[in-house]
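S.K.: What follows is each chain in one-letter form.
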Amino acid sequence: MIGNVAANFAALDKTFSFRFLWELPAGYDINQTLISYTNQNSHLRAAVVGLLNTGLVAIVGIFLATVLGFSVGIMRLSNNWLVSRIAYVYVEFTRNTPVLLLILLWHGIIINTLPHPRQALSLGGSVFISNRGFYVPAPVIEPAFWWVAFVFCIATIIAAALYRRGRRLQLSTGIRKPYLLYGLGLTIAATILAFYVAGTPVTLDRPTLRGFNYRGGMTLIPEFVALTWALAFYTSGFIAENVRSGINAVDRGQRDAACALGLTENRTMKLVILPQAMRVIVPPLTSSYLDLMKNSSLAIAIGYMDLVATLGGITLTQTGREMETMLLVMAIYLAISLSISWGMNIYNRRQRLVER
Amino acid sequence: MIRRLLPLVVAATCLGGIAQADTLETVRERGHLKCGINTGVVGFAAPDDKGIWRGFDVDLCRAVAATLFGDPDKVKYSNLTGKTRFTALRSGEIDLLSRNTTWTFSRDTDLQLTFAGVNYYDGQGFMVPKNLGVKSAKDLDGASVCIQTGTTTELNLADYFRQNGMTYKAVPIETTSEALTIYLAGRCDVYTTDASGLAATRAATKNPDAHDILPEIISKEPLGPVVRQGDDKWADIVRWTLNALIAAEEFGVTAANVKSMAGSSKNPEVRRLLGAEELQGRAALGLKARWAVDVISGVGNYGEIFERHLGKNTPVGLARGLNAQWKNGGLMYAAPFR
Amino acid sequence: MTGNPPPRTYPPGDHPDLPPPPATSGIVGWLRSNLFSSPFNSVLTLVAIWLIYLFVTGVGGWMVFDSVVSADSRAACQAIDSGACWAVVTTRLDQFVYGFYPPAERWRPNLAFALLLIALVPILFSAVPIRRPLLWFAAAYPFIAAWLIYGGFGLPVVGTGQYGGFMLTLIIGVTGISASLPLGILLALGRQSKLLALRVISTAFIEFSRGVPLITLLFVASTMLNYFLPPGTSFDLLVRVLIMVSLFAAAYLAEAVRGGLQAIPRGQVEAAEALGLSRWTTTRRIILPQALKIAIPGIVNVFVGLYKDTTLVVIIGLLDPLGIARAVLADAKWNGLATETYLFVALFFFLSCFAISRYSLWLERRLATDHQRTSTP
Chain A
3 MIGNVAANFA ALDKTFSFRF LWELPAGYDI NQTLISYTNQ NSHLRAAVVG
53 LLNTGLVAIV GIFLATVLGF SVGIMRLSNN WLVSRIAYVY VEFTRNTPVL
103 LLILLWHGII INTLPHPRQA LSLGGSVFIS NRGFYVPAPV IEPAFWWVAF
153 VFCIATIIAA ALYRRGRRLQ LSTGIRKPYL LYGLGLTIAA TILAFYVAGT
203 PVTLDRPTLR GFNYRGGMTL IPEFVALTWA LAFYTSGFIA ENVRSGINAV
253 DRGQRDAACA LGLTENRTMK LVILPQAMRV IVPPLTSSYL DLMKNSSLAI
303 AIGYMDLVAT LGGITLTQTG REMETMLLVM AIYLAISLSI SWGMNIYNRR
353 QRLVER
Chain B
222 MIRRLLPLVV AATCLGGIAQ ADTLETVRER GHLKCGINTG VVGFAAPDDK
272 GIWRGFDVDL CRAVAATLFG DPDKVKYSNL TGKTRFTALR SGEIDLLSRN
322 TTWTFSRDTD LQLTFAGVNY YDGQGFMVPK NLGVKSAKDL DGASVCIQTG
372 TTTELNLADY FRQNGMTYKA VPIETTSEAL TIYLAGRCDV YTTDASGLAA
422 TRAATKNPDA HDILPEIISK EPLGPVVRQG DDKWADIVRW TLNALIAAEE
472 FGVTAANVKS MAGSSKNPEV RRLLGAEELQ GRAALGLKAR WAVDVISGVG
522 NYGEIFERHL GKNTPVGLAR GLNAQWKNGG LMYAAPFR
Chain C
-2 MTGNPPPRTY PPGDHPDLPP PPATSGIVGW LRSNLFSSPF NSVLTLVAIW
48 LIYLFVTGVG GWMVFDSVVS ADSRAACQAI DSGACWAVVT TRLDQFVYGF
98 YPPAERWRPN LAFALLLIAL VPILFSAVPI RRPLLWFAAA YPFIAAWLIY
148 GGFGLPVVGT GQYGGFMLTL IIGVTGISAS LPLGILLALG RQSKLLALRV
198 ISTAFIEFSR GVPLITLLFV ASTMLNYFLP PGTSFDLLVR VLIMVSLFAA
248 AYLAEAVRGG LQAIPRGQVE AAEALGLSRW TTTRRIILPQ ALKIAIPGIV
298 NVFVGLYKDT TLVVIIGLLD PLGIARAVLA DAKWNGLATE TYLFVALFFF
348 LSCFAISRYS LWLERRLATD HQRTSTP
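Residue numbers (our numbering), protein chains in the order written: chain A, 3 to 358; chain B, 222 to 559; chain C, -2 to 374.
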């Protein structure tokens, strides 16, 4: 096979080299950049911008999918018939529809049904929703803000100490005192106080309609919203199913025993069922996360500039280096996947049931 | 393991070392031409009601097939996107790429392609909805721009806005049909591509009058058929088929009169073109004496092809402009058949 | 129990069976225990009912009551009613099903589909009268179908460029499933093999395929597979896609099968060895049947995943239902009806995937009977 490649390359007078990555300016623009980027930057920087965009979608998507998935999974086990049926329909719909279709569907809904920027829906005059994006005010941080952050950190450390003290008290005497609440209250109060004392060092840059589009503030482009939401929606079905089976896998006797000890329903869930269920839930949960990360490569279908769309898309066509770009894209995904599953294996080994 | 694999690699290299056969011979032996076209641009390449591909670019494929086989129908089409077109050509999946491809320096040299001429002189323009009230591309500061990725237009756009000190928000899109959908949904303020593509896109909307094509043309886009580099005979076939189409228009040879003109014409160049007199070097390419007659009776001359797919009486409705014959102030200028 | 007036005293053993109190049985009882068992639950129920009401009146009204099923264009739809314009689907139904397959030849995919159903029967259900000959037919089916759809040997050839719609989904799905199953089993066995080279190659292949997104492999198939082939050879794009999809699914399948293999107790192999069975016979007769049975849910999940992933081919320019949907949406007459079009395609996928997962549940339950243990109540 390698021989074939060499022969084909020789026949076409092609070379194998990654120099184009930093030698040529990319020449194209990217509509969402987390680091500064202009079309005069190198292809390498464009690829990094793409990789960061992939990361952003993956992280936000994983967060949303986890929240949705756990809620729906627990709803699915609810003893309220109607709630559990609704959760069932949700799970079956998300799991049995292709993710690409969901991405296109949500993108289609956003760009076709939301209004143009000039008629954007306004929420309280500072958040605007249109088919060009979701505009939210951006925080503008002034130097004094760092004092507030400092106070926040100190308060958090004190709260953590309080919490540990509470736990120690409980372990040694069995008395529960709401130290956690005290800590939280302290942190919030101190931070708010510091915020006003420092003279409200964070102002909001509100988006305003100027020319064609809203400027200022933060913009979530529709492609990002559609992609993240569709991925979270799709993956949450799998997570919900996984949470349900994980909770079901906990022996019924555990619940009975907890009940016999007089634990309340909530506390049984939190202290007895979930810790054991997590051991079953976590491995497939990671593979759901990995799938979400890999599925984010479908961004190219709606024009969200992720790694595949930048390095494996525009850079590929503009430079004509299919072999180099595709190998690099696959190597990056492979590296992420392998390192996550490696981390997972370590976690699993730690969590393994210690049998006595 | 490596030691065990080594002989295999060596064997594969030797087998692989057999040089790629001459395209002209390969195509002749295969009995049909494999031609790469667009995935659907009205007027250039789009399926008709019966699912048969028709258009300006398609007819060039048909003309080359007529040159080789005397039959314009001996073509198999591959629909290619901006991304797949060059690899498809270089890997031998197609013999000829006829898909609105701009002739540029780096494509010609770095990508190892050979452009066999120019069959359409184009330039990049902008289309906006009329109700936006924009009259010039200079008013587009801050606009969202729909743009096809993997094309020269992307680079031109970046250059143009940079040069004029304006900003824009790119909305990247893979195919023309998608561009239309997204532009009409209002995701972007302006759609940019070659002016011919804009006209074709505008023709595909429900109400073409609701959209304006701005006067600025920001680039030169000579579009033409592309072949692999280093296959000169094959490039010659394509280049001279194109020249024959253009020359035929110049001399008034049409699909209707080509058979009679082949016998009756007094013009020595027309006689050489149509095989009434010997054309020196024809045998070197293995062409029949009356090859050009097959081409023109099969697809018509350049002007006929243009009018059939892009001209005033089609939905695309383009004027000849730069693509008129040189005698009429255009750039279409066939090298002589001598 | 009729005619038992008060006073209610009964001799021992004569107590009649009184009906349970009305509040715990019948509809009321069901409602009480399932919907209104606690104040919190009652609130939940009411919220759920409200949500369903919103959904039915809003989305349901749009999808069903106010929708238009036949019209010539979007404008015509809007003139008739305010809801969904399903006319976009009904007028182009042919393309959604067959792509650009020539109408005169459409009996061939139809026949192939009918034969598919026949071929599936012996695979899906074991209690079929003439199962063995049917199984042979099922084994030959892919070749028969390929001949019917592609043509040759007396039938006019229909190029792969003309395939599209749900037909293309089925072609890729069925080919992928039937090619990836044997491949996946071989890979799983290879990963457990004692030969180092075999084990390393299988493991590397599996980990690689599972580590990269399918779309990158499809890009490889569409842009650079030809570089890996001897110069001058080239495959049809659809063939390349089929190869890639099958290999990709095989890697996931191998992992599902490996789970099954690992669940087989070592004693089974030792017992087989003690009986003097060869390693191959042990694998074929003892290990695989048990391992595959355990692996069924995983295998079916991979199949459903593969079936859904067939939609990705739209990104490299094949006209699967999503590709048709996009082409339709670019038509001036139907611009902007993305929601209707995609929902229609979603419905198709939902129905088929849902059917597959229901079947898998049924199969699991049927095969589980011989292993059933009394679980803790």
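Errors might be hidden in some of the hints.
To list a few chain C residues with every Cβ distance to chain B over 10 Å, as calculated [stated by the list, open to error]: (1) Ser22; (2) Gly26; (3) Leu48; (4) Val61; (5) Val125; (6) Pro130; (7) Ser219; (8) Met221; (9) Asn223; (10) Tyr224; (11) Pro294; (12) Ile312; (13) Lys330.
Straight-line alpha carbon distances no greater than 25 Å define the calculated DSS-like cross-link-like pairs of lysine-lysine that follow [unchecked claim]: (14) Lys390(B) / Lys359(B); (15) Lys533(B) / Lys330(C); (16) Lys356(B) / Lys390(B); (17) Lys509(B) / Lys454(B); (18) Lys295(B) / Lys509(B); (19) Lys454(B) / Lys16(A); (20) Lys480(B) / Lys295(B); (21) Lys297(B) / Lys509(B); (22) Lys509(B) / Lys487(B); (23) Lys427(B) / Lys290(C); (24) Lys533(B) / Lys351(B); (25) Lys290(C) / Lys351(B).
Quick look at which bits of chain B chain C covers, simulated, 3 or more residues with Cβ under 8 Å [to be verified]: (26) 275 to 286; (27) 312 to 321; (28) 324 to 331.
It should be emphasised that the hints constitute simulated quantities derived from the structure, not laboratory data.
Ideal placement from N, C-alpha and C gives every residue a C-beta, glycine not left out.
S.K.: Against each hint, give a clear statement of whether it holds in the structure.
M.R.: These are the hints, each one checked on the structure:
| no. | hint | result |
| --- | --- | --- |
| 1 | Ser22 | 56 Å, holds |
| 2 | Gly26 | 53 Å, holds |
| 3 | Leu48 | 29 Å, holds |
| 4 | Val61 | 25 Å, holds |
| 5 | Val125 | 40 Å, holds |
| 6 | Pro130 | 39 Å, holds |
| 7 | Ser219 | 5 Å, violated |
| 8 | Met221 | 6 Å, violated |
| 9 | Asn223 | 3 Å, violated |
| 10 | Tyr224 | 6 Å, violated |
| 11 | Pro294 | 35 Å, holds |
| 12 | Ile312 | 8 Å, violated |
| 13 | Lys330 | 7 Å, violated |
| 14 | Lys390(B) / Lys359(B) | 15 Å, holds |
| 15 | Lys533(B) / Lys330(C) | 22 Å, holds |
| 16 | Lys356(B) / Lys390(B) | 19 Å, holds |
| 17 | Lys509(B) / Lys454(B) | 15 Å, holds |
| 18 | Lys295(B) / Lys509(B) | 17 Å, holds |
| 19 | Lys454(B) / Lys16(A) | 21 Å, holds |
| 20 | Lys480(B) / Lys295(B) | 21 Å, holds |
| 21 | Lys297(B) / Lys509(B) | 22 Å, holds |
| 22 | Lys509(B) / Lys487(B) | 21 Å, holds |
| 23 | Lys427(B) / Lys290(C) | 57 Å, violated |
| 24 | Lys533(B) / Lys351(B) | 22 Å, holds |
| 25 | Lys290(C) / Lys351(B) | 65 Å, violated |
| 26 | 275 to 286 | violated (count 0) |
| 27 | 312 to 321 | holds (count 3) |
| 28 | 324 to 331 | violated (count 0) |
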